[in-house]
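Those sequence lines, one after another, are chains A and B.
Residue 38 in our numbering is what sits at position 38 of the first sequence, and the numbering runs on without skipping anything.
Residue 55 in our numbering is what sits at position 55 of the second sequence, and the numbering runs on without skipping anything.
Repeated chains share a single entry, so a pair holds when one copy, or any two copies, can fit it.
25 Å max Cα-Cα, derived PhoX-like pairs, lysine-lysine:
| hint | residue 1 | residue 2 |
| --- | --- | --- |
| 1 | Lys103 | Lys203 |
| 2 | Lys103 | Lys197 |
| 3 | Lys141 | Lys110 |
| 4 | Lys40 | Lys61 |
| 5 | Lys103 | Lys128 |
| 6 | Lys128 | Lys110 |
| 7 | Lys203 | Lys189 |
| 8 | Lys61 | Lys128 |
| 9 | Lys108 | Lys128 |
| 10 | Lys110 | Lys61 |
In short, the hints are calculated from the structure, not lab data.
2 protein chains.
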Amino acid sequence: MSPQIRIVLVEPLYQGNVGSVTRSMENFGFDDLVLVNPCKLEGQARAMSCHARDLLESSQKVATLEEAIEGTDIVIATSGIAGIKTDQHIRMPAYTPSEIRNKFRESKGKIAFLFGREDNGFTREELKRCDMIMTIPTSEKYPIMNISHAATVTMYEMSNMEIGERPIADGFDLQLLYDHFEQVLADIKHPTHKMEKTSIMLKRIFGRAELTPREVQTLRGVLRDIQRQKK
Amino acid sequence: MSPQIRIVLVEPLYQGNVGSVTRSMENFGFDDLVLVNPCKLEGQARAMSCHARDLLESSQKVATLEEAIEGTDIVIATSGIAGIKTDQHIRMPAYTPSEIRNKFRESKGKIAFLFGREDNGFTREELKRCDMIMTIPTSEKYPIMNISHAATVTMYEMSNMEIGERPIADGFDLQLLYDHFEQVLADIKHPTHKMEKTSIMLKRIFGRAELTPREVQTLRGVLRDIQRQKK
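Chain A on its own, in the form it takes in the complex (with noise of 0.2 Å):
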């Protein structure tokens, strides 16, 4: 079970930005996207959005923060600067991203996301709208994220993707490779008293090379080459 997720832009100003934000979302597999009072999104959303034209289409515009999030369960705003103050009196507490992933990884229900206006962020109504805030971790220097790489952040975090099977040799075949390692070894006259320390060593290179199938093959056709050449 993980939360469904919304992304709400509030009040972009560049296009291209907004195109941006499609393709990263069309990329993390989302596809639910409230624009609160966009600006025009002609060809440079467009050529920004790539492959992720439909979303850009079928997106929701609307006028106020209120519709927006209208049928979400959490509201979280992003912002660059850890802590914001809402209000003279409240001081939100930020989460990083990973935080945020965990804190919700089992819940069902849907988060609103919100990224504010690319000049000016959000104002102090629409934070106190907000559960909670959501700060990506950057230098004291210059925190201030594009929108669209805040988002894709955001939305690496809490999806739940992942890349094909990685083919791993099994440990059966493994454990050949190693007692082939021995007897080579043994056949070229490696020093007795170094036998244990230099197999134990050769075991955790090859285990931390997390080897694959045909890795171990190419290797033990290696070892017997080594074999044929001392006869």
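Add chain B to chain A, keeping to what the hints say.
Just chain B now, kept in the frame of chain A:
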């Protein structure tokens, strides 16, 4: 100890992407950028780089990949396609950014992260020069990310940035708050047989909420108000 990072863009075609990458580098505190045969870098690159214009100007421009990776210890190519084939016979397993981070977390030395051409990625010869392949987990339907997005995710994982301390109430004050709750439950004649369960539930709710010192203060004020009303 953590590794140094070099970002290498191989023949980038769009100057906006190069500018975007420099902005993101500045966000995450990296400054080693090498461009192999880049496109012209003019107004659009400067516009997207925002406050990272110095980094854009100071980036090293070279003619070959060999020059770009000089002085680095590990060369990692990023690719949208997991388990890319570099050759008929050599299939390289791909790692995710977080796997790469964990592998090299304690390493010294310098890692070059390579990002390929926007249209054609890397040549086979270029991939042969790489020690590892990194793939960001994405949708199979559309795995190809914008290079500045891919670079941003990479730097997000590899940077050691932190967000400021979250002001968390200390245990002693929390205990006072929980005791206060119990008093109030007694004052308002909450059924005795429910007391313990309700106390525990309140403790869990407020524990999960990671209260700030100010929030504890305010909650205790509210509890005092309840007690005052009762008298």
